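A.B. asks: Each chain, letter by letter, is given below.
Protein chains: 2
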Amino acid sequence: MAIEIERKFLVAHDGWRGRATGSDRLHDGLLSSGGTNKVRVRRGSRTAWLTVKGPKSGIARDEFEYEIPLADADEMLARRCHGPIIERVRFFVPEGVHLWTVDVFGGPLEGLIVAELELDHEAVPFERPAWVGMEITHDRRYGSAALLLAAAQNGPVPWRD
Amino acid sequence: MAIEIERKFLVAHDGWRGRATGSDRLHDGLLSSGGTNKVRVRRGSRTAWLTVKGPKSGIARDEFEYEIPLADADEMLARRCHGPIIERVRFFVPEGVHLWTVDVFGGPLEGLIVAELELDHEAVPFERPAWVGMEITHDRRYGSAALLLAAAQNGPVPWRD
Numbered sequence: 001m002a003i004e005i006e007r008k009f010l011v012a013h014d015g016w017r018g019r020a021t022g023s024d025r026l027h028d029g030l031l032s033s034g035g036t037n038k039v040r041v042r043r044g045s046r047t048a049w050l051t052v053k054g055p056k057s058g059i060a061r062d063e064f065e066y067e068i069p070l071a072d073a074d075e076m077l078a079r080r081c082h083g084p085i086i087e088r089v090r091f092f093v094p095e096g097v098h099l100w101t102v103d104v105f106g107g108p109l110e111g112l113i114v115a116e117l118e119l120d121h122e123a124v125p126f127e128r129p130a131w132v133g134m135e136i137t138h139d140r141r142y143g144s145a146a147l148l149l150a151a152a153q154n155g156p157v158p159w160r161d
Numbered sequence: 001m002a003i004e005i006e007r008k009f010l011v012a013h014d015g016w017r018g019r020a021t022g023s024d025r026l027h028d029g030l031l032s033s034g035g036t037n038k039v040r041v042r043r044g045s046r047t048a049w050l051t052v053k054g055p056k057s058g059i060a061r062d063e064f065e066y067e068i069p070l071a072d073a074d075e076m077l078a079r080r081c082h083g084p085i086i087e088r089v090r091f092f093v094p095e096g097v098h099l100w101t102v103d104v105f106g107g108p109l110e111g112l113i114v115a116e117l118e119l120d121h122e123a124v125p126f127e128r129p130a131w132v133g134m135e136i137t138h139d140r141r142y143g144s145a146a147l148l149l150a151a152a153q154n155g156p157v158p159w160r161d
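For the protein sequence lines, the chains are A and B, in the order given. According to full-length UniProt numbering, the first sequence is numbered sequentially starting from 1. According to full-length UniProt numbering, the second sequence is numbered sequentially starting from 1.
Next comes chain A alone, as it looks inside the complex (with noise of 0.2 Å):
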């Protein structure tokens, strides 16, 4: 087990295209979401995972994750998730000590842009790259359940206001 804590921004600008250092194609879906955890395959283009996350506090969660067969993932999107799959090409970019992810989405998410940096600590210290822009890891439009329904709905996104 591990605990997951996570700082969401948008980004201000391209620079950080330059400076990526390799991607990743995910695909991921929702299996199952009621009590308090919710269950999510991932697949991408070599590895797909299995994830259990608990119920966030403050920043930080449990998370259980587990390598799977990419068969399996595979049966699993195609068949077994609820609600939309959610696609996004995952960039690493790593600036100093950390590695930043920014996460291009695809599909009906198209034109988000969403910089992830993963902490061990909440109190980690970290420099915000110029391409960084507005933090968003409180903001509920862009939390996953609003993801999930602003894919499944093609309706209204913030980040094409």
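Derived by calculation from the structure, the hints in this document are not laboratory data. Model, not experiment: these values are computed from the prediction. In this text, a Cβ means the ideal position worked out from N, Cα and C, and glycines have one as well. Some clues are possibly wrong.
[Claimed, not checked] Just so you have them, the derived chain A footprint on chain B, three or more residues with Cβ under 8 Å:
hint: 1; segment: 42-55
hint: 2; segment: 79-89
hint: 3; segment: 111-120
hint: 4; segment: 132-143
[What the hints assert, rightly or not] What follows is a list of derived Cβ distance ranges for each label pair:
hint: 5; chain 1: A; residue 1: His82; chain 2: B; residue 2: Phe126; range: 33 to 39 Å
hint: 6; chain 1: B; residue 1: His138; chain 2: A; residue 2: Gly44; range: 38 to 44 Å
hint: 7; chain 1: B; residue 1: His13; chain 2: A; residue 2: Gly58; range: 53 to 59 Å
hint: 8; chain 1: A; residue 1: Ile3; chain 2: B; residue 2: Arg25; range: 28 to 34 Å
hint: 9; chain 1: B; residue 1: Ala78; chain 2: A; residue 2: Leu149; range: 29 to 35 Å
hint: 10; chain 1: A; residue 1: Ala20; chain 2: B; residue 2: Asp139; range: 43 to 49 Å
hint: 11; chain 1: A; residue 1: Ala2; chain 2: B; residue 2: Ala145; range: 39 to 45 Å
hint: 12; chain 1: A; residue 1: Ile3; chain 2: B; residue 2: Val124; range: 42 to 48 Å
hint: 13; chain 1: A; residue 1: Thr36; chain 2: B; residue 2: Arg25; range: 21 to 27 Å
For chain A, the structure is supplied; the task is to place chain B on it using the hints.
C.D. replies: Same frame as chain A, now just chain B:
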């Protein structure tokens, strides 16, 4: 992914006890049950599993099962499950070419004993040993949802009628 096909029975008498070749103590907890799937953590004495179960179709259902570290299972059972933890001792009882399991429940479900046979196909023929009693495969009172409710409420249960 596997297709799980299970037939369930009450036991007619204790004849299975002398035929059991092994046993394991199991603790099951429900991590999530929203959407169309259920996600369960199961902890045995030496192994633990995370299982995603699809909805039933007749007596078959999709099942994705993964081994997980015992310490993760212990944390999930202690902190992440909703509803009661179901305790049982599972006995393994070979009969002919088939391996039966006999679950002797504990805690709030004490008194319940269920024999199960997992089959590769719905049409596989099998002999019913003399100790196997009434079939309850389709009896909702013995379904996992009803058993969880009975365990949570400590209420009336059919095997004590």
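A.B. asks: State for each hint whether it applies.
C.D. replies: Each hint, compared with the structure:
no.	hint	in the structure
1	42-55	holds (count 3)
2	79-89	holds (count 5)
3	111-120	violated (count 0)
4	132-143	violated (count 0)
5	A:His82 <-> B:Phe126: 33 to 39 Å	holds (35 Å)
6	B:His138 <-> A:Gly44: 38 to 44 Å	holds (41 Å)
7	B:His13 <-> A:Gly58: 53 to 59 Å	holds (56 Å)
8	A:Ile3 <-> B:Arg25: 28 to 34 Å	holds (30 Å)
9	B:Ala78 <-> A:Leu149: 29 to 35 Å	holds (32 Å)
10	A:Ala20 <-> B:Asp139: 43 to 49 Å	violated (57 Å)
11	A:Ala2 <-> B:Ala145: 39 to 45 Å	violated (31 Å)
12	A:Ile3 <-> B:Val124: 42 to 48 Å	holds (46 Å)
13	A:Thr36 <-> B:Arg25: 21 to 27 Å	holds (26 Å)
Of the hints listed earlier, those the structure fails to meet are numbers 3, 4, 10, 11, in rising order.
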